Amino acid sequence: MKHTISVLLQNKPGVLSRVTGLFSGRGFNIESLSVAPTLETDVSCLTLVTVGDNNIVEQITKQLHKLIDIIKVTDISEFEFVEREMALIRVKAEPSTRAEILRICDIFRGKVVDVSAKSYALEVTGTCDKVQAMIDILRPIGIQEIVRTGTIAMTRANKKY
Amino acid sequence: MKITGAQALLKCLEEQKVETIFGFPGGAVIDLYDEILAQDKITHVLVRHEQAAVHAADAYARVTGDVGVALVTSGPGATNTVTGIASAYMDSIPIVVFTGQVPTGLIGNDAFQEVDIVGITRPCTKHNYLVKNINDLVPTIREAFYIARSGRPGPVLVDLPKDVMATRFVFPEPQQVKMRTYRPTYEPHPGQIEKACQAILKAKKPVIYAGGGVILSNASDDLTQLARTADIPVTMTLMGLGGFPGTDPLSMGMLGMHGTYYANMAVANCDLLIAVGARFDDRVTGRVDAFAPHAKIIHIDIDPTSISKNVKVHIPIVADCKHALTAMNTWFARSEEFNAKTEKGNHAAWLREINDWRVAHPLGYVDTPDVIKPQFVVQKLHELTHGDAIITTEVGQNQMWAAQFYHFNHPRAFMTSGGLGVMGYGFPAAIGAQMAAPDRTVIDIAGDGSIQMNIQEMATAMQYKLPVKIAILNNGYLGMVRQWQELFYDKKYSATPLDVAPDFVALARAYGAVGLRATKPSEVEPVIKEALATKNLVVMDFVIAREEGVYPMVPAGKATTEMLLV
Ligand SMILES: Cc1ncc(C[n+]2csc(CCOP(=O)(O)OP(=O)(O)O)c2C)c(N)n1
Ligand SMILES: [Mg+2]
Chain A
0 MKHTISVLLQ
10 NKPGVLSRVT
20 GLFSGRGFNI
30 ESLSVAPTLE
40 TDVSCLTLVT
50 VGDNNIVEQI
60 TKQLHKLIDI
70 IKVTDISEFE
80 FVEREMALIR
90 VKAEPSTRAE
100 ILRICDIFRG
110 KVVDVSAKSY
120 ALEVTGTCDK
130 VQAMIDILRP
140 IGIQEIVRTG
150 TIAMTRANKK
160 Y
Chain B
0 MKITGAQALL
10 KCLEEQKVET
20 IFGFPGGAVI
30 DLYDEILAQD
40 KITHVLVRHE
50 QAAVHAADAY
60 ARVTGDVGVA
70 LVTSGPGATN
80 TVTGIASAYM
90 DSIPIVVFTG
100 QVPTGLIGND
110 AFQEVDIVGI
120 TRPCTKHNYL
130 VKNINDLVPT
140 IREAFYIARS
150 GRPGPVLVDL
160 PKDVMATRFV
170 FPEPQQVKMR
180 TYRPTYEPHP
190 GQIEKACQAI
200 LKAKKPVIYA
210 GGGVILSNAS
220 DDLTQLARTA
230 DIPVTMTLMG
240 LGGFPGTDPL
250 SMGMLGMHGT
260 YYANMAVANC
270 DLLIAVGARF
280 DDRVTGRVDA
290 FAPHAKIIHI
300 DIDPTSISKN
310 VKVHIPIVAD
320 CKHALTAMNT
330 WFARSEEFNA
340 KTEKGNHAAW
350 LREINDWRVA
360 HPLGYVDTPD
370 VIKPQFVVQK
380 LHELTHGDAI
390 ITTEVGQNQM
400 WAAQFYHFNH
410 PRAFMTSGGL
420 GVMGYGFPAA
430 IGAQMAAPDR
440 TVIDIAGDGS
450 IQMNIQEMAT
460 AMQYKLPVKI
470 AILNNGYLGM
480 VRQWQELFYD
490 KKYSATPLDV
500 APDFVALARA
510 YGAVGLRATK
520 PSEVEPVIKE
530 ALATKNLVVM
540 DFVIAREEGV
550 YPMVPAGKAT
560 TEMLLV
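These protein sequence lines map, in sequence, to chains A and B.
So the first sequence is numbered by numbering that gives the first Met the number 0: it starts at 0 and just counts up by one.
So the second sequence is numbered by numbering that gives the first Met the number 0: it starts at 0 and just counts up by one.
No lab work stands behind these hints: they were computed from the structure.
The structure displayed is predicted, hence computed values, not measured ones.
Hints should not be assumed to be uniformly reliable.
Computed far set for chain B versus chain A, every beta-carbon distance over 10 Å [said to hold, decoys possible]:
hint : residue
1    : K1
2    : T166
3    : Q175
4    : K201
5    : Q224
6    : R333
7    : S334
8    : L497
Each computed DSSO-like pair below joins lysine-lysine, with the alpha-carbon atoms no more than 30 Å apart [as the list claims (entries may be wrong)]:
hint : chain 1 : residue 1 : chain 2 : residue 2
9    : B       : K131      : A       : K11
10   : A       : K61       : B       : K177
11   : B       : K311      : B       : K203
12   : B       : K311      : A       : K1
13   : A       : K61       : B       : K311
14   : B       : K177      : A       : K11
15   : B       : K194      : A       : K65
16   : B       : K295      : A       : K61
17   : B       : K177      : A       : K65
18   : A       : K11       : B       : K1
19   : B       : K10       : A       : K11
20   : A       : K65       : B       : K311
21   : B       : K194      : A       : K61
Glycine residues also receive a C-beta, built at the ideal position from the N, C-alpha and C atoms.
Construct the entire structure; sequences and hints are all you get.
Below, the structure is given as structure tokens:
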């Protein structure tokens, strides 16, 4: 099962490598990862998506917690939460497909962020599934380049299962 | 008054009550060595290879219960420590390793003798640091010692750039270490203690499975009390030996791959397994689904990641072993139900069942009149030292024979590289142990292969007049590997015969030590007696039965009940 884990960590050199080293060393997998500072400048938040059964995820959270520089580890999949991912997608745009591309972009509430004679660059945000769906629909038209962020996530206020 | 970083480091060591450090100098740590010369509170032991410094610090920590310290230079000095650090990490031994580093301005430039030792040791230290700013130096060292000794202990590395060691600054006031992110749990949850004790009360066939955590938390007495009060047989891991008296009637000796028949049978048939400071290592469990298959499992461990990692645990207790065992002993002392109905012999039927296994397949070997059996040597060592020596081991058959036949009655008397299994650990460990306990008899039970991995340390032992005894069980083979080849690889002895070996007796003499040899069983006792009476480094070369095997043996991946017996 897919788990989204949120990790608060001390913003010090080498901390990220402790986290990624833990995953590679113990054979856990990382589907996506994103890190950025929080309100406290010396604390960062890392959101990590991993796949594994409950035992593995329990080990992952315990092992993360064991790292000295880590402040808090939450498997937010245990809560109600919102997650977002963003993608930039460059699609081949011929006169015959332009309208179609714009319509798809509209349906997914995306934005056109760059235009050239032969392509559109689109921006989309949403859950991982939504971003994936948009990519799948655009694929037959001709995707030239994709850049995706990792997932970021936040629990809903006061909602614990 | 301003002092240099190097002076501050020594002040910190004093603050931590460090008396002995093991090290080897080099360009990046010259400033430190200059300061070491200028003081007399801390003894520096000059080893002959940096790996030995770390193993020595490791054994020093195990004997004293305090933090062991090693100091080495940058680059190759630092990389030479990695095996020692990894071993201490696997065995949860509190050590602090200081490595020199190139000046901060050169870091990242592939400077001479630069290596990213913090990167290299990240996965095998409990934590590590690069000190780039003089103002971080003292807090970092204080934190390093605190982390090494608290919670589940382990090695911490502190990398010290040369310019930081030379910088002058004002030494900060002593301060308690307070960390936002690191707070080990020492106290057990009372509800879990209640559950565990109730389970013990109900059990018909309980077994205590004790590991190194018992020794690390100084909980041997508490464990012994619990076992005797509740009449529970005890088996120990390699790391747990000495955590419960090995000659006690309730002791079943070691369990696992080379454990006793009766310990493995008891675990396989128990209805309650009480794991204390042990981590269900594959050498202990064999095939996991066949490990204690009928048992409810209680697991006491200070490290939550150890719990339910390999085997599902029913009653987890995250706590320091000593605290948890104390709480359990208090519970039993107060329990009316327990004290009303119970008297000794509570588990008489179960203990009889175990005893039947013991009688059917005792720990033993076939004695021969003209060839020395290694087990006989270990038995004689036990007898002639009255079981009171500090024993270190190398790795291989020698290690297993030491574990099986030297019945440890006390904690902190057996030092072995358990988790990593480092050939070459035993001799430097004996040096560290002898530094920690100058009046004790310290014996390294060695193999002819392993001893050659750190044999250069004879010079160290001679220099500091350490009367360490080395007992080489000389089978002319990398014996443990040969045994696997014999059993599982059609006796194809690829790269295991040690056809060329030094004359260990002559080698000892070359270092100014004493060399003794026994080739017949009748010579074993006189050699040991002479060695024990000698106030010098002694190498005893016991020429033993070449193809003797370690038994019982559970083949890797098999159930622990599928033992190959003598
Ligand atoms: C540094 C290191 N290299 C290799 C091994 C693999 N190994 C385990 S036991 C062993 C044989 C040890 O031979 P010896 O010291 O003569 O001991 P014996 O088994 O003969 O008693 C070897 C090679 C190891 N444990 N450590
Ligand atoms: Mg050998």
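Enumerated hints in conflict with the structure, sorted upward: none
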